[in-house]
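Chemist: Chain by chain, the residues run as shown.
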Amino acid sequence: MSVAAVIRHSQHGAVRAVVLFLIALIAVVAGGGVWWYQVGRQPAQPDALPQAERKDTPPASAARPRPAQRVVSLVPAVTEMLFAIEAGSQVVGVSSYDTYPDAVRQLPRVGALVDPDVERVLSLEPDLVVTYGSQEELQQQLVRAGIAAFDYRHGGVGHALDTMRTLGARTGHAREAVRETTRISTALAAITQRVAGRKRPRTLLVIGREPLAMRGIYVSAGKGFLHELLTLAGGDDVMGDIPRESVQATTETILARAPEVILEVRSGPKPDATTIDRERRAWSRLSGVPAVRSGRVYLLYDNALVVPGPRMPLAAEQFARVMHPEAFP
Amino acid sequence: MTTAVFSLRRRALLVYGGFGVLAIAAQLFAPLIGSTSISLTRALDGTVPFAANIDAQIFFIARLPRTLAAGLVGASLASAGVMLQALLRNPLAEPFTLGVSAGSSLGAMLAMLVAPPILVLGVSAVPLATFAGAVGAVSIVYGLASARHRGFSTDVLLLTGVTLNAFFSAVILFLQYHADPSETVRTLRWLMGDLDVSGYGPIVVALPLIAAAFVIFLWLPRGLNLLTLGSDSAAARGIDVVRVQRLAFFSASVATGAAVSLAGPIGFVGIVVPHVVRLLVGSDHRLVLPGAALFGAAFLVGCDVVARTIMAPLELPVGIITAVIGGPFFLWLLFRRA
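The listed protein sequences correspond, in order, to chains A and B. Counting along the first sequence from 1, when you hit position 271 you're at 444 in my numbering, and nothing is skipped either side. Counting along the second sequence from 1, when you hit position 173 you're at 164 in my numbering, and nothing is skipped either side.
No lab work stands behind these hints: they were computed from the structure. As the structure is a computational prediction, the values presented were derived from the model and not from experiment. Please note: incorrect hints may appear among the correct ones.
What the hints assert, rightly or not - A few chain B residues that don't get close to chain A, going by computed Cβ distances all over 10 Å:
{"id": "1", "residue": "Leu23"}
{"id": "2", "residue": "Arg33"}
{"id": "3", "residue": "Ile49"}
{"id": "4", "residue": "Ile52"}
{"id": "5", "residue": "Ala53"}
{"id": "6", "residue": "Ser144"}
{"id": "7", "residue": "Glu174"}
{"id": "8", "residue": "Trp181"}
{"id": "9", "residue": "Leu238"}
{"id": "10", "residue": "Gly293"}
{"id": "11", "residue": "Ile301"}
{"id": "12", "residue": "Leu325"}
Said to hold, decoys possible - According to the in silico footprint, chain A covers these stretches of chain B (three or more CB under 8 Å from chain A):
{"id": "13", "segment": "86 to 98"}
{"id": "14", "segment": "186 to 197"}
Idealized CB from N, CA, C, for every residue including glycine.
Take these sequences, add in the hints, and give me the full structure.
Modeler: Okay, structure coming up:
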């Protein structure tokens, strides 16, 4: 029964009065809320851009009122980039997964990819919020609040460097950003140079699997920074023909592609030697794979290995060291 | 109906023969098909050492165990579906109705997200935790269903199972919500079912349990036939109703728990295969149960072939294929009969 029908059918004046009163109350509260939201917020944000920038923002060179001073980053990789370009002191809030650099441990946490805490974000009074590409709801909320959003998605090495330069322009650290990206490019080129001309081992880069078993094996494929780092560190990615960042690899695929080196990267803390040894031995079930036969299965535990950003050269060097040990005497 | 004029013996021969040929054909042909092309003659060539024979390795390490696992899991889930539909006298019942899937999934999630990685008797903790979760769920459901009734209340069984499913699912969501996003992808994938067992070890562990359940299945068809008439009529014909109910419940649960620990909770096989077989052979459990086991095996083996080849070298979760192929097929069968 609709509200109108309820009112029509109400025999008693009292019921009708209560229903009408409730409707009026809801209307007043809702109207007041909208008024507060639209009018009440604006004085607090005098410099806010009329429309927050979305994916189709003009490039960083476009004129801006002034660099962002209070940045909230919901993406750990971008947090790391901000600190690398010396914008760390402008970061006022980070995601629940941020661990690097150490300075982030003191900062307020505002949720992460699936559970951003909008109230906490707003309470930090940011003038720039770094969101992940799929957080469209959050981006719309920021637009309504008149706060600029920086929309980030993981990509390749070049994308990470571009992001750092854009962040530099947005935070007033353009020069530091250029210096840092040049350092990264130079370091990566040096690693490529070091392994140049050597035979590129066919390599499988594993990013996750069921503990101590050959099941649920996820591997890096032909897109994204891990694939690019593997390639520039002198490896031939056996999954390189699949245009995706990661895929589940079946036993059959791994046997058929016959990698000569298997690299497993884990972001967690390094476990004890027994556990590592057990995890390596889990591969013995696929003893036909050349990497397993020759004992070239490596488990690397380092948070730097899974974050596209300033520590990419560290990751590339670790990859190069295990694929080309003779180049690093 | 032409089948009605045949004696039971002749119909049984037809059913066993027909579905048996289907299951055997699936087992024989499925290992020949895959994401890569291999030569069977080279795979079986004894003169090449196994370590150097990639075709043999793909055939014997990747495909054969996988096809066997699909057959075992398909047979287990389909028979367990028949059992529970008869036990609960509910056509919507399936192996996962009584909390086994959510309980075992919770076990798997705990092993993946919370517990430290350990090996127990050379087996990874995940399948063991999965089976332990199934046992836990079954014990709770059984304890509650038989606590306040002399015997066994199927209504309480059903309600307890559905409630436990919801409760365990909430705990699973809680665990996933707090897990690292990279872990969440893997655990979600586990929940879609995966037959890539990469060796015979997991099958050898699950086989005794499934075999034990099937031995009990052999005793039950006559009792199930009478149970479907209602427990009073069954008791009037000299059936120990509670005993049949208990055996059906435990054997179906063991088969389901073992299947889930082998391949994750693969949906749809356990509800649709029993109905398909009933549409084809009638409602006599002496025909339906073996028919469903054989057809379930053939069906899941077939779905797995599609799952691993249709987007090769990528693979689709087999649970998607079972529903996408099984759903329309079942509807077609239903409307053709109507």
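Chemist: Which hints from the list above does the structure break, by number from lowest to highest?
Modeler: 3, 4, 5, 7, 8 and 13
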